[in-house]
Structures are given as structure tokens and as C-alpha cells.
Amino acid sequence: MSAGPRFGRVATGMAQKHLDTFAQTTPGVVSAVLMSADGFEIVSLQVGKGGAARLAAMGSSLSAIGSAIAKEAGIVECNRMVIESDSGTVVIMNVPESRPPMSLAVIANDNSMLGQLLWSAKTCCAAIARAFRE
Amino acid sequence: MRTRKIAAVGLADDAGHAFSSMLKVLNGHASANWTVSAPEEADVLMAGPHGGDSEAQRWARTEKPLIAVYEGSALRPLTPYTLHHPFRVMQLLAVLDEIELVLAKGPAEAARGAAVDPDWSFAESLRLLSRCTARGELHAAGSGPARIYVRDDISVYYASREMCSRLRSHAPLLPALRLTAEQPPAAFETRPAFELAWFAGLHGPATLAPWLDAHAAYRLRRWPDFGMVRATRAQLALAALLTHAAHTRTRLVQLSQQSADAVDRFLNACAMAGVLVGTSENTPAAEASTFIASSAARLGGLIRGLRNRLGLAG
Amino acid sequence: MSEEFKIIFSGPMGAGKTTAIAAISDEAPVSTDVVNTDRAAFDKELTTAGLDYGRIEIDAETSVRLYGTPGQLRFRFMWDILGHNAAGVVILLDASQADALVQLDAFVEAFGAGKRAPLVIGVGRCAEPGALALDAFAQRLENHGLNLPLFGVDVRRREDVLLLVDTLLCLLEVSDPARLHA
Chain A
1 MSAGPRFGRV ATGMAQKHLD TFAQTTPGVV SAVLMSADGF EIVSLQVGKG GAARLAAMGS
61 SLSAIGSAIA KEAGIVECNR MVIESDSGTV VIMNVPESRP PMSLAVIAND NSMLGQLLWS
121 AKTCCAAIAR AFRE
Chain B
1 MRTRKIAAVG LADDAGHAFS SMLKVLNGHA SANWTVSAPE EADVLMAGPH GGDSEAQRWA
61 RTEKPLIAVY EGSALRPLTP YTLHHPFRVM QLLAVLDEIE LVLAKGPAEA ARGAAVDPDW
121 SFAESLRLLS RCTARGELHA AGSGPARIYV RDDISVYYAS REMCSRLRSH APLLPALRLT
181 AEQPPAAFET RPAFELAWFA GLHGPATLAP WLDAHAAYRL RRWPDFGMVR ATRAQLALAA
241 LLTHAAHTRT RLVQLSQQSA DAVDRFLNAC AMAGVLVGTS ENTPAAEAST FIASSAARLG
301 GLIRGLRNRL GLAG
Chain C
1 MSEEFKIIFS GPMGAGKTTA IAAISDEAPV STDVVNTDRA AFDKELTTAG LDYGRIEIDA
61 ETSVRLYGTP GQLRFRFMWD ILGHNAAGVV ILLDASQADA LVQLDAFVEA FGAGKRAPLV
121 IGVGRCAEPG ALALDAFAQR LENHGLNLPL FGVDVRRRED VLLLVDTLLC LLEVSDPARL
181 HA
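In order, the protein sequences belong to chains A, B and C. Under UniProt numbering, the first residue of the first sequence is numbered 1, with each subsequent residue one higher. Under UniProt numbering, the first residue of the second sequence is numbered 1, with each subsequent residue one higher. Under UniProt numbering, the first residue of the third sequence is numbered 1, with each subsequent residue one higher.
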């Protein structure tokens, strides 16, 4: 289900590096998937093959529903969604101005701090966006 | 257990071999004992597209069950019992068991007088045609602009635009189809024969067709393509009833609260279109739906409301 | 009390689910279209990643909700979420897609083959060159021992969408045990 070549070998290679750096420098990150808006895994981190594909599909559905809710509520753009539980956090964040549109899903455990997680993820998304523009 | 005889004509070599070995396998599992015989002695004929025309023609004049075997992308014959080659032993078993139910009830007596009633002659001739092996010929009925032509494989018919729309709305009285060497005029439209068969049944006389049994229970083998022949609400309701279980016409009138005429016409149309099968009464249809619909009663008002909103009334 | 009543439109990408819902919804449906990056599977610009949502208001308290699922198998989890407790399911297929029969099997199975809730199947683009005949779909169902309503339709025509919905309603009525034992 991985659709790497469609998204460019060089850019996906760089995206993978950014994802690695993000995970190494951010406490509590368990796994992450970068996915196209229509639910294909582009690159992933520490998730089994099937798991990444499933996470990509679910993440893109949530992201699409999030955008629809934001539009309905008149707040134009949904930048990120946070799913919180006692044992961990899932963040789904849109990669800004990316072509094709894509999102990053991050799963973190209870060692993470939400503020730090969001800030690092945002930085990672910005770097990924640059990689796909170049 | 009864022994029944079955003959096979017009099967391709591989289908013929497969058929004989399947018969051996299914004996002991089927509700009758099936042996192969010559067509003259058989209770059932299995006819494929590879020859055997004369046997099939003779067979068509009897009221004995016919299993039409068709292949590849050919259209499904408009007869109640069909098998698509290559078929599996379980499919053969299912068809033979269905036929045994009918055979066990004895011959349909009503069918004999069918041809004499002129109101039924067109429908009857179309029905007989659908039981014959196709030879690539045309059959025709009527004259002038009201003439229609039918391909003997019951794939398409040809008629003037005006005649096509008359067929859809009511039944022009047509005589029996006869073999013709003529070709239809170029201006005639080509339409699916399923449509002709359906409307010939639906707009025929408002009594049960002579070849149907007024006391038998029937169910739908498959739904008619209501995308092609637009169904009324009443017809959708009858089709839905016959999807879940087999019902006699009396029971259908009761359940649907429709007139006996409407029910008979619907059964005739389904029979003409080859989607109706006779079975023992109130046997649940194969794989009958068992979804829990305890909420359906509560939903009654909602269904009415939705129909009103969508303009689906009546 | 408002009733739970939803109808699901499902089927592969490009079969017309979004179009069908738009044809009968009171207001423009909510859609979650995203850029389609898999143009090899189906050549169209946008595809549904989340759901389509339309609504038909019956009266002040009651309405029928119409949900469209994403078509691709990777969104199967959405089929289950949306299909839960559905009053009926409309499966739309495209006869010109080479794997249409495999799609038929997959969707019919995923939505309980008509046993959990009534199910009707609309097949589009039957007349396109190289398209499968409607009979091939009917034969496939018959081989599985299933008898489900199966019609050739064009969901750009409102009357065709209405036919599918009305058939669902008829099946729902028939499944009403009170009526059957009346």
C-alpha cells in the first residue's frame, strides 16, 4: 500500500530523515506516519508495514473530517487534531502548503508533553513541506 | 427415493464430461436419484449452445423442465433453470433439487390448453422460443409498423419507436411469433428482449398465465432489472416479498394487500422474464435475509415520511 | 424522540456515491474530498477520504441521514463505522472497471450480504464499451446463493437514485414481522 515512488524518491528520503530527527529529539514519540490526504503512507517510523498503512488511512479520514468540521464551524482551516488519553496522545497535523496535500500522524506515550510535542511536530512538518517543494 | 432421468444435448465436450462425473458425485446428496438417459425418455433436459437443436425444439413443446446452459458473456436465457458454464457440483445439485420439487408435484395440467387462448398466444410463443436452442434466426409477429422481430437467442427485439413505447404502457394484441427470413426495417429500434418478455407478461391478460400453477408457491431467483423496466411501488413491494420467501398467489394478495389482478400480472411478468421459480410452499428463499427488523414497525411512519419528502408517493 | 435512521452509500472509488447523495439530499451534502494521488486506480481529481453526509428532513423531529463511505479498501474501517446500525445500504458499482466483480464481492460481504440490513446494488456505466453486462453481476450473486436487488442505473438521474432508495424501503417494510403475520 506504500506509494513512495509516486511522491518522489528524493523528497521521501528527506522526509524520512526529518521524521527520524523529530523522534530522536522529542520525548515520548512512539511512532509516526506521513500520509497523503487520500490515505497513502508516504514514510513512516517504527510502525509495522500493515500498521502504517492502516494508520495512514485512518489519519487521512480524520484529517478530512476535521477539515469539514472546521469549515462547518466557519474557522476555515483545521491545522491539527489532538486525541488525548491517560496513556498517550495522537496528533494529526496538516503539512502546510504541500503538494500533494499531506498530513503527519504522531503517536506519543505519557512521557511526552503536549506543548513540546506540538511544537516539534510543527517544525518537522515545515521541514517536510520544504523537502517536497524543492 | 425416486429415480429421475436427465438427458444432455449441446454441451461442449468438457462440460459433458464434467456433467456426467458431477451426477455420480451428487447421487446420494440430491433429493432424487439422477441417471442419464436419451432425450425421449428423460424427465429433464439439459441443453447447451453446441447443437442438439432438434431435441431442444421437440422439448420446447413439452412442459418438462429444461436447464439451459450458457457460456461466456452470453445473456442468461429467460428460462427459470439455468447454469453458467463452468458450473460447480453444488450449483447443479441446487437446480436439480429445485426441479425435483416441481416434478414431485406431478405434471402441470393447466399448461395444456395454453396455446388455444388467443390472448396468450404471443407470450406463449415467446416463452417457447426461450426454451429452444438459438440458431441465429429471427421470429416475427404483427404487421406493418406494429410488427416486432425477436432474435431466437432472446437477446434483443426490434420494433418501431412507437411500438416500443406501446409495449411499455399496454399490451397490443399480437399473434404468435413465427420464423421469418425478413430483416427488420433499418428505422426500427433495437431493444433488450428482457424488456419485451417483462411487458408481455405484465400487460397480458389479468389472470395467472396458463403455464403457472395457481396453488404453487413461487419465489424470485433474482430481481428483474428495474433500472431497465421501471417498477411501480406495488411491484417493488411484491419483489421484496418474494425475495424473502416463496408464496402462493393467494398469500401474496393477502400480504401485499394488492388486487389479485396486479399480483397475477406481476407473477406473469417475472415468469416471462425467467426470474420466477416454483418451490414448495413457504420455504424460505435460499439465504433468506434474517436481519433483525424489529425496528421496522416503529419505522413505518418514517418510511411514509421519507417517501413523501422524496416524492415517492403511490 | 428522534429515530436513528441512516442510509449508507458505498462502493468503489468513482462509482458515484457523492453524486447519488447530492441527488436526494435536502441541502448540498458535506463532503470530505481530498486530492486523489492514485490516478492509476481511477482517474479523477478528488476522492472522499472521510465521509459524505446528506440529510432529508421528514419533520421537525425526524430526519434521514445519508452517509457515503470512502471507496478504497484501505478505508474499510470507515465502512464499518458508518455501516453500524444502518437501516439500509446502497452499493454502487461501475461496470466499466475491470475488477467490478471483485468489488461486488468485497462490498456485499463487508455490509453483511443483505442479512444485517437491506442491501440494494446499482450498477453504472453498463453501456460503455468493454463494460461488464449486468448479467455478470447477477450471475456472481447467484453463485454465492444471494438474491439481492440489482439494477442498471445512472446516479446522475435523480429517479434512478430514488429507485434504489425506494427498493430499500420496500425491503424494510417486508422485514417487518408484524406485517408478515398480520
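Hints listed in this document are in silico derivations from the structure and should not be mistaken for laboratory results. A hint or two may mislead.
Which bits of chain A does chain C cover? Going by a derived footprint, with three or more residues having C-beta under 8 Å, they are [stated by the list, open to error]: (1) 50 to 63; (2) 66 to 74; (3) 104 to 110.
Note that the Cβ used here is the ideal one computed from N, Cα and C, for glycine as well.
Hint check results:
| no. | hint | result |
| --- | --- | --- |
| 1 | 50 to 63 | holds (count 9) |
| 2 | 66 to 74 | holds (count 3) |
| 3 | 104 to 110 | violated (count 0) |
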